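Residue numbers (my numbering), protein chains in the order written: chain A, 1 to 334; chain B, 1 to 547.
Hints were generated in silico from the structure; no laboratory data involved. Please note: incorrect hints may appear among the correct ones.
[What the hints assert, rightly or not] Computed list of lysine-lysine pairs in DSSO-like fashion (alpha-carbon distance at most 27 Å, straight line): (1) A:K259 - A:K328; (2) B:K287 - A:K259; (3) B:K287 - A:K94.
[As the list claims (entries may be wrong)] Residues of chain B placed beyond 10 Å of chain A at every Cβ, according to the derived structure: (4) K140; (5) D240; (6) L535.
Bear in mind the structure is a predicted one, so any value in this text is a computation, not a measurement. Ideal Cβ positions, reconstructed from N, Cα and C, are used throughout, including at glycine.
One-letter residues, chain by chain:
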Amino acid sequence: MPPPVRRKLLVLVLGLGAALAVAASAYAENGGFTPATPHSPNAERIDQAYLWIGYFALAILVVVETALVWFVFKYRRRGRPRTVEGPQIHGATKLELIWTAVPILILAAVATFIFYKLPGIEDVPKASAQGGPLTIRVDAHQFYWQFTYPNGAVSIDELRAPVNRVVKIDIHSEDVDHSWWIPELHGKFDAIPGRVNHTWFKADQVGTYRGKCGEYCGVFHAQMTARAHIVSAGDYEAWISSEARAQLGRTEWQGVCAKCHGPSGEGGYGPAIANNSLLVSAEGLRTLLIEGQNRTKPLAAYMPPVGRGWTDAQFDALFEYLKQNVYKGAASGG
Amino acid sequence: MAARAQAVAPYRPDWRQGRVMSWITTVDHKRIGILYMVTSLVFFAGAGILALLMRAQLATPNEHFITENAYNELFTIHGTAMIFLFIVPFWAGMANFLVPLMIGARDMAFPRLNAFSYWCFLFGGLVLFLSFFASGGASKSGWYGYPPLSEKFFSPGNGQDLWILSLHLVAISSLVGAINFLATIQNMRAPGMSWMRIPLFVWAIEIYSALLLIVLPVIGVGLTFLLLDRQVGTHFFLPDQGGNAVLYQHLFWFFGHPEVYVIILPAMGVISEVLPVFSRKPIFGYKAIAFSTVAIGFYSMLVWAHHMFSVGLPTFLNVFFMLSSMVIAVPTGVKIFNWLATTWRGNLIFDTAMLWALGFIAVFTMGGLSGIFLAAFPVDWQVTDTYYVVAHMHYVLFGGAVFGTFAGIFYWWPKFFGRLLDERLGKVQFWLVFLGFNLTFFPQHMLGLLGMPRRNYTYSEHGLWLAYNLASTIGSAVMTLGMLVFVVNVVRTARAGRRAPNDPWLADTLEWYTSSPPPPHNFDQLPYISSARPLRDLRRRLEESRA
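Construct the complete structure from the given sequences, taking the supplied hints into account.
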């Protein structure tokens, strides 16, 4: 390609890139050029580490690409015959040493910064003021999140936590690998059966932060979303002591069952169940929810063991809700 | 040498001389090389079509172009096919054709084993693509097939078993091929061709083979355990029965990360061949590039758990794997700086092969730098398993390996087939793919930072999510256009391409000494090799004798 065309294309690419960058940053505060705006000290420090690496990476990128474009422009053929050779330089030890040493120094700078920030990211702060950190257990299931609070209250897909308090998260899985992630609060930590992982956050602002499952976990991986509602300490106490129990049956239905069987059990990815009498047979349903279903004959059927690890209170809340709101009676002739 | 060339050709019965049978029964490294390359390019097209379907599904939010299950099959088979059926066997094919010619050998060390290698690969590939028709469809557990998701209970049906069978076949093929390359390069170099005089592409294949030999048995173990879990009822990876799900991740990535360098080192080898020829200069820092290849090969086996930073490994392990992953950036940087220095003060000729090589440097640098963010494990916790990784990985594997592939294809096509690919169409293809590639994958960095996880068949966010996804889908269409131009180019060249002389580019290495395409026995006679650039030495001697 003749050089002027290459230059024009370069200008075009740079122009498009710049336009995209401007439009993007006008649209959102970071436009996807840095991680989500942090709302917890550990996420904040990860953000700082990202920016620190970003400065070096950008500088190296600019140096290399500029050198490349400059050499391409400066040493282009200009009609010289192919037989014309450049100077026969086979190498330079001093240069090799320089471009080995400088990257090592840059990487040392990056690693040092990470070591400096690491304790503030990993270690759960000692929160003596409020009687230690609040511990919430997260159980990942195909395809929902279950949160268990210190008083035994349970919520599905929606986490509630008080603002300005250290919250420690214990991450469990009951079936396959998942990954717990609320970008504004902390990074990803996998939920792996047979292991318990931990992370923490201390949200600095009341609000709702959204998260998605970070490790591919099967057909409805994309639907495995979580919302972290950060509320005032008073609202949190009120919620776990009374509202949580009242909402449990409904949220179980919506988070655990309805994703596959449809909002009112009319069927979706999974079969229609509104007329299935198993819904009102407590024992049968309990077995199905704990063991799941996996057969290829006579029909292929796979249902995850969604009720693994549930408490009696959880089953009772679901049965109650199914009986009152979902079950439409056995289908005639069925 | 002359005496050996007069040896009687081996007896070949009539039934083996037909147009089809001669290819099926061939043990000639050049024909096997072409079979390998053509087959892997067909798989490349297949896996590329799967990617286009995914991009179509993701173009706008809440799209219902394909079902969630179909989408999950698509990304599983796309990833598996691109890695195992396209790029690794493509290098096996290119190396098959070139390594014996570059080192002045008559054939590979074990010609029949070589044919076995190819047929194993072909059938492994067919098993993978035909697994779409298995009961329950193809595997849906990702190209890495983590248990417990890939276990029988969570993945019923036969797709996962066929996936394992396919990988076993392809792994045997690669393993046998690697032994063959090592034996050939160690033992069959022309007189005078010392280790510091072999082409850098051959250095890359030496390390490629050594890595495959070391790491393939490890994935073989992991896959066999998984197969036993699924079919025999063992529980290696089932935690509720005393197994360990993370063990598989270690086995997989101890193979999986060196595999990345198995993919990229030969591409770097191609770049190290193409750049000096089209810069009219020797490669800058031959030894530095050769030794950095060895260093990358070595360190690549010490970085695997950087794929597992979010698993919850002890901090000291995370620190170790962060540091080792950063160390590997140093020899990679050495290569890039040496390549830049090679073009410095050259007489740069922008033939298509050179454009691909320069494009490689431009985009691979980007991919290498985004890797540093992933090596720093706290940052990795934010970006891992998001589209940021998809962007990074395609900058390295597409921008690296595929650009290298096309640099090699345009450079060596005349040697393969005796005709030159059309330069004009080649340049059109390069610019379409270069622009399409960046448009496809650059916005994915931003998507990842916005919080879009990988392997999601849809999303409901609008705004920037939609803008970046749409740009990415448009980019993939532009790239496809470029690939179609290549198909047109191949067809036109086959029909009416310009005949190639022995050495159309005034190159440096031994494969250009013989005719294009080479005769079955490769060389009538060989010059004594007195440097890493035997062809240039010959040209100079010829000029001196004329003067």
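Verification of the hints:
1. A:K259 - A:K328: holds (19 Å)
2. B:K287 - A:K259: Answer violated: K287 of chain B to K259 of chain A is near 59 Å, above 27 Å.
3. B:K287 - A:K94: Distance of about 14 Å is within 27 Å: holds.
4. K140: Given a closest Cβ separation of 7 Å, the condition is violated.
5. D240: violated (7 Å)
6. L535: Non-interface label on L535 of chain B holds, nearest chain A Cβ at 13 Å vs cutoff 10 Å.
Going down the numbered hints, you'll see the structure goes against 2, 4 and 5, while the others check out.
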